[in-house]
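Asker: Listed below, chain by chain, are the residues.
Protein chains: 2
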Amino acid sequence: MAKAYERIADDLRRRIRAGEWSPGERLPAETKLVEDFRKSLPTVRQALGVLQAEGLIEKQHGRGNVVRKARRPVTRTNERHQWEKGRARQTLEERQQTGATERDTGLSVSDLVFSAEFKEIEADDDLAQAFDVPVGTRLLERVYRTRYREEEAPFNVSRSRLLYETAAANPELLDESKEPWPGGTQNQLHTVGIEVDRVIERVTARPPTIEETEELGLTAGVAVMVLRKTSIDTDGRVVEVADVTLPGDRTVLEFTTPLTRWDA
Amino acid sequence: MAKAYERIADDLRRRIRAGEWSPGERLPAETKLVEDFRKSLPTVRQALGVLQAEGLIEKQHGRGNVVRKARRPVTRTNERHQWEKGRARQTLEERQQTGATERDTGLSVSDLVFSAEFKEIEADDDLAQAFDVPVGTRLLERVYRTRYREEEAPFNVSRSRLLYETAAANPELLDESKEPWPGGTQNQLHTVGIEVDRVIERVTARPPTIEETEELGLTAGVAVMVLRKTSIDTDGRVVEVADVTLPGDRTVLEFTTPLTRWDA
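If you're matching them up, the sequences are chains A and B in order. Count along the first sequence starting at 1, add 44, and that's the number in this note's numbering. Count along the second sequence starting at 1, add 44, and that's the number in this note's numbering.
Hints listed in this document are in silico derivations from the structure and should not be mistaken for laboratory results. Treat the hints with care, since some could be wrong.
To be verified - So these bits of chain B aren't anywhere near chain A, every CB distance computed over 10 Å:
(1) Gly63
(2) Ser159
(3) Glu209
As the list claims (entries may be wrong) - To be clear about the criterion: a stretch of chain A counts as covered by chain B if any three or more of its residues have a C-beta under 8 Å from a C-beta of chain B, and this derived list gives those stretches:
(4) 233–246
(5) 252–263
(6) 266–272
(7) 286–297
The C-beta atom is built at its ideal place from N, Cα and C for all residues, glycine as well.
Chain A on its own, in the form it takes in the complex (with noise of 0.2 Å):
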């Protein structure tokens, strides 16, 4: 059976859903729903930290537990690579009309923001390994950052590192005025005679550091995953290594696992 302070969480979340109470609106007092609950105060505080880390409520100073404007969810799936390899050879307008961040929210081109900032960067003792080249090889960093028109926090942030001499190849490749690129980074490579074999990513989790706090919109009690994706060209090289944070509360990685056939 559940826990006491999980069929509190599962009652609240029930009716801050059902709109009991709009966003901006406060909860009852945590002593009135120590009374309601029939609970102790630490259990039903466990039930609004549950809350808090799930991004539906938010401990105001002063005023308490206030429920928050539901931010736009995103789920963000493995399938987004190889539907990115296909449209990496498509014609310009098609390439142009939707790209990866639409297919994660739902949401159409003219609901984004979207910025990106370049710079050249050198290869640290970490960079280096996950490229395997020396330290100190010169990288070109792409930042970017998408947010939804209505909101004021970006989904997420990456960070994504091409080869410079791979990226000069195709000068309007460094350069960020370019961006957003349709068809994003596969369409890019392509143009350089790169082909995508296939894309690992390793994910942790962690608290927010305070900038990512502040520039990801982060309430207490929110946790972030922390996503390394390394691609790899048909040759075994790693041609980008990309870092992308972002916020547990509104965001979901999917991965499909297809298995091979017993009688095949």
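Dock chain B against chain A, hints included.
Answerer: Same frame as chain A, now just chain B:
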């Protein structure tokens, strides 16, 4: 360039790994670190927070920041599913040799301590939806905990459910004393005529609950990943729904997505 707190964290991490302080030893006091690094106390604390989230140090009441004994790290790859499928039809002797946890941790069967608890439950809203069955349908819930013999906390806690009627077709599948079952769930399903076609994993992150902190041996500042694994058989039916809670300080989830070749 890296931020000040990142440079401090990098420096301390390197020195901990190099053995400058042994597990159980204290780092220099925060005021001393402020002097050494010539940075503010908030910056030093932010750096220490990074190392806490990584599980490298632990803040002990009255003792300060103490180096932790490194816990066995786990890399859980999605390749485990195809590997388990391959083993599902092998002989008992072959299946007995090693399991998925050994693969993820690099440990051998004799290094691991395993526990399984079975109980019959009724599908709540969430599980009814996940299995596409009516609320109240009988399920077999199996809770698995595997730990390294030299550690107290398990690597993760996994709650796996099968449809009760499916499991009951082989009464041995209802018996927790038969666990650890050589060949795991895919072999168990094979004994009742089920072949898994694909596995869908949905991952998110949040701070741990109080129970999870205790059960998984977490220190302050560690987040957990919550993974829902759904196994779908060759007829498109959901045959297993498992919820796995994994500590962010010791677990990497790795997913490889192969892409079809353009010349194929």
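Asker: A separate judgement is required for each hint: does it hold in the structure or not?
Answerer: Right, here's what the structure says about each hint:
{"no.": "1", "hint": "Gly63", "result": "holds (18 Å)"}
{"no.": "2", "hint": "Ser159", "result": "holds (20 Å)"}
{"no.": "3", "hint": "Glu209", "result": "holds (22 Å)"}
{"no.": "4", "hint": "233–246", "result": "holds (count 8)"}
{"no.": "5", "hint": "252–263", "result": "holds (count 3)"}
{"no.": "6", "hint": "266–272", "result": "holds (count 4)"}
{"no.": "7", "hint": "286–297", "result": "holds (count 5)"}
The structure fails none of the hints (numbered hints given earlier).
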